[in-house]
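Engineer: Residue numbers (the working numbering), protein chains in the order written: chain A, 1 to 395; chain B, 1 to 160.
A few of these clues could be false.
Unchecked claim - The calculated lysine-lysine pairs, modelled on DSS-like cross-linking and capped at a C-alpha distance of 27 Å, are: (1) A:K344 to B:K109; (2) A:K287 to A:K332; (3) B:K150 to B:K138; (4) A:K350 to B:K154; (5) B:K109 to B:K46; (6) A:K190 to A:K169; (7) A:K265 to A:K169; (8) B:K150 to B:K7; (9) B:K150 to A:K350.
For the record, the hints were derived by calculation from the structure and aren't laboratory data.
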Amino acid sequence: MSTNQKISKYHISRKAGQLAPSGIRKFFDLLANMEGVISLGVGEPDYSTPWHIREAAIRSLENGMTMYTSNSGMPELRSELSRYLKNEYQVGYDAGGEILISVGVSEALDLVMRAILDPDDEVIVPDPSFVAYSACVFMAGGVPVMVPTYEKDGFELDPEAVAERITSKTRAILIGYPANPTGAVMPREKLLAIAALAKKHHLVVISDEIYARLIYGVDHTCFPALPGMQDNTVLLGGFSKAFAMTGWRIGYACGPSEIIAAMTKIHQYTMMCASTMGQVAAVEALKAGENSCMEMVADYNRRRRVIVRGLRDIGLPCFEPKGAFYAFPSIKNTGLTSEDFAEKFLTEEKVAVVPGSAFGECGEGYIRCCYATSMADIEEALVRMKRFVKKYSVR
Amino acid sequence: MLHEILKVLQDDARATPEQIAARTGIPAGQVAKLIGEAEKDRTILKYHTLINWEKVNNERVWALIEVKVTPQKDVGFDSIAERIYHFPQTQSVYLISGSYDLFVLVAGKSNREIADFVSQKLSHIDGVHETFTQFVLKRYKEEGEIIDAKENMKRQPVIL
Numbered sequence: 001m002s003t004n005q006k007i008s009k010y011h012i013s014r015k016a017g018q019l020a021p022s023g024i025r026k027f028f029d030l031l032a033n034m035e036g037v038i039s040l041g042v043g044e045p046d047y048s049t050p051w052h053i054r055e056a057a058i059r060s061l062e063n064g065m066t067m068y069t070s071n072s073g074m075p076e077l078r079s080e081l082s083r084y085l086k087n088e089y090q091v092g093y094d095a096g097g098e099i100l101i102s103v104g105v106s107e108a109l110d111l112v113m114r115a116i117l118d119p120d121d122e123v124i125v126p127d128p129s130f131v132a133y134s135a136c137v138f139m140a141g142g143v144p145v146m147v148p149t150y151e152k153d154g155f156e157l158d159p160e161a162v163a164e165r166i167t168s169k170t171r172a173i174l175i176g177y178p179a180n181p182t183g184a185v186m187p188r189e190k191l192l193a194i195a196a197l198a199k200k201h202h203l204v205v206i207s208d209e210i211y212a213r214l215i216y217g218v219d220h221t222c223f224p225a226l227p228g229m230q231d232n233t234v235l236l237g238g239f240s241k242a243f244a245m246t247g248w249r250i251g252y253a254c255g256p257s258e259i260i261a262a263m264t265k266i267h268q269y270t271m272m273c274a275s276t277m278g279q280v281a282a283v284e285a286l287k288a289g290e291n292s293c294m295e296m297v298a299d300y301n302r303r304r305r306v307i308v309r310g311l312r313d314i315g316l317p318c319f320e321p322k323g324a325f326y327a328f329p330s331i332k333n334t335g336l337t338s339e340d341f342a343e344k345f346l347t348e349e350k351v352a353v354v355p356g357s358a359f360g361e362c363g364e365g366y367i368r369c370c371y372a373t374s375m376a377d378i379e380e381a382l383v384r385m386k387r388f389v390k391k392y393s394v395r
Numbered sequence: 001m002l003h004e005i006l007k008v009l010q011d012d013a014r015a016t017p018e019q020i021a022a023r024t025g026i027p028a029g030q031v032a033k034l035i036g037e038a039e040k041d042r043t044i045l046k047y048h049t050l051i052n053w054e055k056v057n058n059e060r061v062w063a064l065i066e067v068k069v070t071p072q073k074d075v076g077f078d079s080i081a082e083r084i085y086h087f088p089q090t091q092s093v094y095l096i097s098g099s100y101d102l103f104v105l106v107a108g109k110s111n112r113e114i115a116d117f118v119s120q121k122l123s124h125i126d127g128v129h130e131t132f133t134q135f136v137l138k139r140y141k142e143e144g145e146i147i148d149a150k151e152n153m154k155r156q157p158v159i160l
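Isolated chain A (complex conformation) (with noise of 0.2 Å):
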């Protein structure tokens, strides 16, 4: 966390002062000036939600369902919730107070570390992750412990690495898989051994898995369906990344009845509840929207087997993801830093990716690059890719 705050006309907290901006942000500024871009940059489907989903969403519009819904969220979508994750990964979740429906995952996120933590307790979280992690245990007062991952482990969390960093102070382990930025999927060995290491220092683990749709030719491994797991989880999941809703912003924590409830308490404060037509959407998705996600994983994997077969080529050893829709190459031959590489990468071929080092320590000498776009704009940024490389691996 940067700590380098200007003395202006407002005062603002030192909490948020402290909050390093996020390093994708910057990119986007520079970004919104340029013409011809081609974005690798954002992590979200290319798709409009399926039109049967929007359809169910205006049809809700026109029969005048615009209140609030119960705080916990709509119960038709909570039963559906509990039906759903039931079938897909044999996990019971009672829709009467073990389901909250949150403002998508990041709300979830949010509310969890909140719920659980007290000031300086920590939480471990690998290291590349998603941004909001450490930021989220920071904004509840948390301390985010950082655990290395690893290209040549597969960037998979090594049990062994947490158990070292495991203090009187740890509350929590908090890991999303498939992971946002590698596409590295955990096998289902390594979580027991991370279980295992929860039981026995009675932490709870908080599982964000809105990638599990999104998965290639493995299996996912619901962290909760662990034996004995459900009790020391909180399972945080969405419908953003399956089902192309991002923009509806409607997640969901499931997990033991009590730290549920205290969630449910914050957000009933903070956001009353999610949108109501967001969650109709919601609805019609768990009920009918197997097909469309399919559809959509299938070509996923067509653009995931491009793009990283084309940074091979390209000469950029890059490790194979199994989940999300992120590539990972490492830039190290380059000799740029994953910052300059990106900022250059824009300015001199309009190409958007993401520097790893926006993901943490464990991210610099990579960069991330979205595969949820257009194959014709894939094939193209590998070609750009190409050049750009051929340029600066001379030296």
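Given the structure of chain A, go ahead and fit chain B onto it with the hints provided.
Structural biologist: Same frame as chain A, but now just chain B:
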């Protein structure tokens, strides 16, 4: 495996075997071989381009024609369908359920050409005893593609 390849080609007929290989993970040599076989056994009928003709001032007139026929002994509807599909104006012919038997999509340079086709060719075919012609006024979507697609929302700066 062929199915994967066809899915790519259906969307992008210009994809090269190398590109298809990259997208599907099937080796390029095998892609080329499977495509060759599919062309030979007419699984792949042709590589065509979906065009919005209105953009090039070369408007064509389209009509959807429903046809009632008397099925012929032994060959049923097939021989009548065959007589219809040989005309160059005929774009598609389907056997349909409901009160008509055949559904014929016809394209021509003018209303007149289509009117002549119906009155002088189609209705004279043995076994055809009723036609119901509907001119197309506007094409909204064809082969799964929206013709005048509205621009989608542009991505806005966001941190994630």
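Engineer: Assess, step by step, whether the Cα of K287 of chain A is no farther than 27 Å from the Cα of K332 of chain A, and give holds or violated.
Structural biologist: Violated. K287 of chain A to K332 of chain A sits at ~46 Å, over the 27 Å cutoff.
Engineer: CA of K150 of chain B to CA of K350 of chain A, is that 27 Å or under?
Structural biologist: Holds, at about 25 Å.
Engineer: Measure nothing beyond the straight line between the CA atoms of K265 of chain A and K169 of chain A; if it is 27 Å or shorter, mark the hint as holding.
Structural biologist: 24 Å, holds
Engineer: Decide if the proposed pair is consistent with the structure: K150 of chain B and K138 of chain B, CA atoms, cutoff 27 Å inclusive.
Structural biologist: 16 Å, holds
Engineer: Below or equal to 27 Å on CA atoms is what counts here, so check K109 of chain B against K46 of chain B.
Structural biologist: 23 Å, holds
Engineer: Given the hint that K344 of chain A pairs with K109 of chain B, does the C-alpha gap stay at or below 27 Å?
Structural biologist: The given pair, whose Cα atoms are some 54 Å apart, is violated under the 27 Å limit.
Engineer: Please work out if K190 of chain A and K169 of chain A have their alpha carbons no farther apart than 27 Å.
Structural biologist: 23 Å, holds
Engineer: Taking 27 Å as the top limit, are the C-alpha atoms of K150 of chain B and K7 of chain B close enough?
Structural biologist: At roughly 25 Å apart (the allowed maximum being 27 Å), K7 of chain B and K150 of chain B satisfy the hint.
Engineer: Does K154 of chain B sit within 27 Å of K350 of chain A, going by the straight-line distance between their CA atoms?
Structural biologist: With Cα atoms ~17 Å apart, K350 of chain A and K154 of chain B stay inside 27 Å; holds.
Hints 1, 2 from the earlier list are contradicted by this structure; the remaining hints agree with it.
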